[in-house]
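Given the structure of chain A, go ahead and fit chain B onto it with the hints provided.
Residue strings, one per chain:
Protein chains: 2
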Amino acid sequence: MKARVTVTLKPGVLDPQGAAIAQALGGLGFTGVQGVRQGKLIEIDLAEGDAATARAEVEAMCEKLLANTVIETYAVEIA
Amino acid sequence: MKARVTVTLKPGVLDPQGAAIAQALGGLGFTGVQGVRQGKLIEIDLAEGDAATARAEVEAMCEKLLANTVIETYAVEIA
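Protein sequences, first through last, are from chains A and B.
The UniProt record's numbering applies: residue 1 is where the first sequence begins, and numbers increase by one.
The UniProt record's numbering applies: residue 1 is where the second sequence begins, and numbers increase by one.
Here chain A stands alone, though its shape is the one from the complex (with noise of 0.2 angstroms):
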C-alpha cells in the first residue's frame, strides 16, 4: 500500500521559510499572495496490505520520527 503524510507546522508556528517564499513571490510581481506555510509530505511504501493496520503503522511513524508533534501536525492518507 501506499501512505501520503503531510506533516504542516501548528498554527501560530512561525514559518520563516513560507514568509521567505511569500516574499519571494511578491518580488517577482505576484502581489496577490497574503500568505505561505511551507510543509513536508512524505510518500511511503508500505508491504502491508491491510489499510487500518497500514494507517496504525503509519501514525506511529509519524509520532517517533517523521513529525515534531511541539510545533508540527500531521494528515495520513493510505491509498
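Simulated from the structure, these hints should not be mistaken for laboratory data.
Certain hints may be false.
For chains that are exact copies, the list does not tell them apart, and a pair is met inside one copy or across any two.
[To be verified] Cut-off 30 angstroms, straight-line C-alpha distance, at most; resulting in silico cross-link-like pairs (BS3-like, lysine-lysine):
#1 K40 x K64
#2 K2 x K40
#3 K10 x K40
#4 K64 x K10
Here is chain B on its own, set in the frame of chain A:
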C-alpha cells in the same frame, strides 16, 4: 482562496532525503517500509477570488519559483 501545492521529485531522480528516512524507519523497527520519497507542501493564501484565475496564477508561481521543473513535478489544488 487557498491553494495547496505539492512538489515532488520526478520518478527516477535520486532522493537521498527519502532514502535517509527509509533507513531511519528501518532502524526504529518498521520493517515493512519498501520505499520513501520526500516532497514539499506549500499552502498559499491568495487575494484572488476566481478559482480558474487563482489556479493559473499558482501554476505560474510553480514554474517560476516553487518547483525546479527539470527534476520536480508539481500539483495544484484550489480550495
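**Request:** Hint by hint, work out which the structure violates, then give me just those numbers in ascending order.
**Result:** Violated hints: none; all satisfied.
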